[in-house]
Amino acid sequence: MSSSFSVWTTALLTLGVYSFLIGYNPVFAIVEHLFVGIGAGYMAAIGLQNIVKQGFTPLTNGNAWLVVPIALGIMIYARYSRPVAWLSRYPIAIVVAVGSALTISGTIQAQFIAQIQDTIVPLTSFSNIVLVVGTATTIWYFYFGTLKSKAAQQSYEWISVAARATMMMAFGAGYTGILAGNIARMVGIIRQLFGEWLHFIK
Amino acid sequence: MTAQPAKPQHWRRIIHLLVFLSMLIPLLRPLGIPIPIGETSRAVYDYIQALGPADVLLVSSNFSVPQAPECLPQMTCVTLHALSRGAKIVVIASSADGARYATTVTELAVDEGARYGTDIVLLGFLPGEEAGVSAFLADVHRTFATDQEGTPLANLPLMQTVHTGSDFKGVSVTTASANDMDFWPRQLQKYGAALIMASQASSWPKLQPYLRSGQVTAGLNGQRDAAEYELLLHRPASSVAAMDATSGAYLLIVALVVASNVAYFVFERRKGR
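Line order of the protein sequences matches chains F and U. Under the working numbering, the first sequence is numbered contiguously, ending at residue 195. Under the working numbering, the second sequence is numbered contiguously, ending at residue 284.
Hints listed in this document are in silico derivations from the structure and should not be mistaken for laboratory results. Remember, it's a predicted structure, so these values are computed and weren't measured experimentally. Please note that the accuracy of each hint is not assured.
Stated by the list, open to error - Among the chain U residues that face chain F by a calculated CB cut under 7 Å, a handful are:
id, residue
1, Phe136
2, Pro138
3, Glu141
4, Ser145
5, Ala156
6, Trp215
7, Pro216
8, Ser224
9, Gln234
10, Ala256
To be verified - Partial chain U-side listing against chain F, Cβ under 8 Å, derived:
id, residue
11, Pro196
12, Arg197
13, Gln211
To be verified - Counterexamples of contact, computed for chain F against chain U with all Cβ distances above 10 Å:
id, residue
14, Phe(-2)
15, Leu27
16, Leu65
17, Arg75
18, Trp79
19, Ser81
20, Pro84
21, Val126
22, Phe135
23, Ala144
24, Arg157
Note that CB positions come from ideal geometry on N, CA and C, so glycine has one too.
Working from the sequences, and respecting the hints, build out all of it.
Structure below.
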């Protein structure tokens, strides 16, 4: 068994989290609060370090223009005081505008043209057929799937079926990935408990 | 007196226990299930293998504690492999949580013989997600005046050769965020650097369109590809050790899915009668 304080702390906190399996209990509550507290503290420390490193230090070294982003950052906190709350709209508007501009300019090539180009492929392999049919039917399902006429709905029923099958396959693949991730996590925890802590695993 | 069927919550606990045992037993007594090398890990390996001493690779981390068992080995393998080829590494983290793993990997590289400042530099946390990455690629020195420890970039020899995104031969992003998969191709496209993305298994489907279109050169999928990469490097570590347990759990889950479906159809038929 390990004699390391950090290994013992990790192991006991892990067991505390898993105690939830027998129901919500005081040990779990302590670990839960610790986790939230430490997480918030860590994020606050990183954020503060970042402001000092990328804001105040260069500012004191003569980069006077940094007054503008620092002032905009402080203006966000105006939300907490009703009379000056309107001030917070300016930094938020700038963040949204810059974010949109950055996204839109690159999206046209990266997410539209390149992706559409890659979907226009010859139907010479099973994989290409699945790609083209799956993409086309799924787009159809969302854009034209709500036809008002009953007759039209029935005529295109096969497209809806193909689209739903494609989506189910995609969701299935996503679920498998989530499962794989959770298993990897659990294996890591078991190795930590039975390996680093109890030394049962070599 | 007839036996009472187990209550649903009891079944749930039995399944929890079975899943736990399916992972624990292979860890205690390894089964040695072979791990064949797949195309995806081979593609990343081949790309890194082709790097040389004149190339600089940007390594970015954006994952947290829960994703570390999958993502940390991926990032470690790519970084150490690139260093072994003589390539230079600049490490950043595009999330606060990722910063600790960027530090871990940099320290490991230095422990393995990489010279800090010449072979590898840790710039640290880059806030702002897409806006931050965009600013960084446009002007590295304006975004980071110092490295993570506060050393001015002017004092780090490696950073004299890196000014914009065009100075990177490639970018390796290890991420648990689906946003990264959208904005890295978007922001990197004008600089011409190759993009390697390593992700947790749950984000892998999201990466597929970019891999297919070639916008992402190659990618690593979860623990499985990390294990394959460890084998390609002849450095079996945590991912290889975990694969038997992972396979044990997969087998059990497949068996449970089959059993549940059989039970469903059998009971539904009985109900129908």
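Verification of the supplied hints:
no.: 1; hint: Phe136; in the structure: holds (6 Å)
no.: 2; hint: Pro138; in the structure: holds (6 Å)
no.: 3; hint: Glu141; in the structure: holds (6 Å)
no.: 4; hint: Ser145; in the structure: holds (5 Å)
no.: 5; hint: Ala156; in the structure: holds (5 Å)
no.: 6; hint: Trp215; in the structure: holds (5 Å)
no.: 7; hint: Pro216; in the structure: holds (5 Å)
no.: 8; hint: Ser224; in the structure: holds (4 Å)
no.: 9; hint: Gln234; in the structure: holds (4 Å)
no.: 10; hint: Ala256; in the structure: holds (5 Å)
no.: 11; hint: Pro196; in the structure: holds (5 Å)
no.: 12; hint: Arg197; in the structure: holds (3 Å)
no.: 13; hint: Gln211; in the structure: holds (5 Å)
no.: 14; hint: Phe(-2); in the structure: holds (19 Å)
no.: 15; hint: Leu27; in the structure: holds (13 Å)
no.: 16; hint: Leu65; in the structure: holds (13 Å)
no.: 17; hint: Arg75; in the structure: holds (29 Å)
no.: 18; hint: Trp79; in the structure: holds (24 Å)
no.: 19; hint: Ser81; in the structure: holds (18 Å)
no.: 20; hint: Pro84; in the structure: holds (13 Å)
no.: 21; hint: Val126; in the structure: holds (16 Å)
no.: 22; hint: Phe135; in the structure: holds (17 Å)
no.: 23; hint: Ala144; in the structure: holds (34 Å)
no.: 24; hint: Arg157; in the structure: holds (17 Å)
Hint violations for this structure: none, all hints satisfied.
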